[in-house]
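Enquirer: Under numbering that gives the first Met the number 0, the first residue of the sequence shown carries the number 0, and numbering increases by one thereafter.
Because the hints were derived from the structure by calculation, they are not lab data.
Don't be surprised by glycine CBs; every beta carbon is placed ideally from N, CA and C.
Errors might be hidden in some of the hints.
[Stated by the list, open to error] With a straight-line Cα cutoff of 16 Å, these simulated EDC-like cross-link-like pairs (lysine to aspartate or glutamate) come out: (1) K294 / E263; (2) K457 / D413; (3) K584 / E638; (4) K423 / E461.
[As the list claims (entries may be wrong)] Using C-beta positions, here's what the derived DEER-type ranges look like: (5) L422 / D344: 25 to 33 Å; (6) A594 / N264: 48 to 56 Å; (7) D378 / R478: 52 to 60 Å; (8) K25 / D403: 42 to 50 Å; (9) T644 / A611: 32 to 40 Å; (10) A611 / Q139: 21 to 29 Å.
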Amino acid sequence: MISVEGLKVEFNATPLFEDVSYVINKKDRIALVGKNGAGKSTMLKILAGLQHPTAGMVSIPRECTIGYLPQVMELNDERTVMQEAELAFRHIFEMQADIKRMNQELADRTDYESADYQKLIDRFTHENDRFLMMGGTNYQAEIERTLQGLGFSRADFDRPTSEFSGGWRMRIELAKLLLRCPDVLLLDEPTNHLDIESIQWLENFLATRANAVVLVSHDRAFLNNVTTRTIEISCGRIYDYKVKYDEFVVLRKERREQQLRAYENQQKQIEDTEAFIERFRYKATKAVQVQSRIKQLEKIERIEVDEEDNSALRLKFVCSSRSGNYPVICEDVRKAYGEHVVFHDVNFTINRGEKVAFVGKNGEGKSTLVKCIMGEITDYTGKLTLGHNVQIGYFAQNQAQLLDGELTVYDTIDRVAVGDIRLKIRDILGAFMFGGEASDKKVKVLSGGERTRLAMIKLLLEPVNFLILDEPTNHLDMRSKDVLKEAIRDFDGTVIIVSHDRDFLDGLATKVYEFGGGMVKEHLGGIYDFLQKKRIENLNELQKTPSLSESPTGAKKPSAAEASQVSSGRLSYEEQKELNKRLKKLERRVADCEAEIEQIESAIAILEEKMATPEGASDMSIYEQHRKLKQQLDRVMEEWDVASTELKETRK
């Protein structure tokens, strides 16, 4: 469908990648991976036609449509959520107006026997069938289903988009993109602003209803659930694996070991050849052999080893001084916006040295309470006390976007560094993989992950004993997340982490505060203790049952039915038996729906291929079959929604 040939991109005469060639086929599910700054977002922009390569070409068929979701975008504030989502169907509205005009013309004209009148009837019939095939009569239901899948309620539909946070407005853009059903979806970190319920809905949409997908994400579970092919950008080249992410990690390790062995063998060969040349360079009797070895050396194609682990990101938050025993005390804290109460009766104490996690769905008040602690919000009621000598270092969700794009990396740090630390700026930047020419890059050309690392450096230079990190892992690659986690673990001060990343919080948090329904509940113990207690799989959806995966201790987690049996000790044996039977029945029903959806979509795809041919375009029976299949698909999708909801409620 899309062919990439000999692609090369340079920044300041330095190649980002070169001689890159691959093909994106219909129904491909591709994960684009690589370290921060490797060129993932640049590759997506080139595929979207927003950036031109230095050399090479991208061949896209004329009829192929592309949808692109960037990490950051400018959003419109003039419309409601529904009006903004309806823009995805602008082509439907134009077609509807054209059909209405033709219908009126048919009613007004009287030359019923003329060839022109017959042509108008044929065109009206064809356009009307196309309108029905494209879902012209049920686009409203499709919009509502998509918006609700991404977390919006019906009450939100008529609210202006300006009332929503940046994350929720990104969801509106994602909804518009999905509703257009492009041939190729290009998604750059789509899960950064989604909670687990929305992530699971998006996973299902991409797996069952999308065409080709190319996505960049640092959410390991999301990649494994959506993609079937992994393209890695490394050392300016690409490596194409026809497997999902976890399998790719194993194969990449094997590839790197092979590269290292080949590299070592080649280096030995080069050393031996150079030693021979040097030894016999000036001996006339060996002149022919020496020249032969020199030519042999010139022809050797040098093996490169992936840069992985060649440079290490080293993070260390230094605790400035000792704070009081209780850095934060909340007593009956309440915050409301008008009649909307965000939270109330919040009572807790955080002790010095504790590392706690704030978890819960988006919009439940996690960031709001952080801003109250920071003093950015002061119109709350109740009492919020900061302890003696508390010095806060704050990393906000949008911290990376607040950097001045016109400054260089070096100047950004130079402006905040004071005292002797100014003499070590280059060393600090090198430790954060901004060594050499990278320190002279302007902030505006940095990737999202590089900006996040730069914002972290600014935080490191502040003398603090209390870290508050609001979604610090957004835009960080998996290796950088591991390094950040280690640095937080080694920090001697107090830490509050707002995050929905279960793997990141594991081993960090010793106490969990759950936000939901206007309440903040304290849970003692680590993140897995909390998850097991709530019987959930992810932090943002606090009513899910754990999946059949391994627990942190290595023991197999119980099934849905077993989990219900354990947690519902008050039920009688017969009642529990009936509950288990109902759960299994619902699980089968959901699985059957998913299988039927896949079959219907395959049939629709076959019809659409026929409709793309001259013969098929004029065959009205194919359009009628297509319309009936679309109706059947909508019916099964609704049945799947009902069954999935019922299964979720039964598992509670």
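Enquirer: Determine for every hint whether it applies to the structure shown.
Expert: Structure-based check of all given hints:
1. For the given pair, K294 sits about 21 Å from E263 by alpha-carbon distance, which is inconsistent with the 16 Å threshold.
2. Distance hint between K457 and D413 is fulfilled; the C-alpha atoms sit about 10 Å from each other, no more than 16 Å.
3. For the suggested pair K584 and E638, the alpha carbons sit about 14 Å apart, so the restraint of at most 16 Å is met.
4. For the hint pairing K423 with E461, the CA-to-CA distance comes to about 15 Å; that is within 16 Å, so the pair holds.
5. Hint check: L422 to D344, Cβ distance near 51 Å, so the stated range 25 to 33 Å is violated.
6. Roughly 50 Å separates the CB atoms of A594 and N264, a value that falls within the hinted 48 to 56 Å.
7. Between D378 and R478 the C-beta distance comes to about 42 Å, which lies outside the given range of 52 to 60 Å.
8. Checked against the hint of 42 to 50 Å, the C-beta distance between K25 and D403 comes to roughly 43 Å, which is consistent with it.
9. A C-beta distance of roughly 37 Å is found between T644 and A611, which places it inside the suggested range of 32 to 40 Å.
10. Separated by about 27 Å at the C-beta atoms, A611 and Q139 satisfy the suggested range of 21 to 29 Å.
Violated hints, in rising order: 1, 5 and 7; the structure is consistent with all others.
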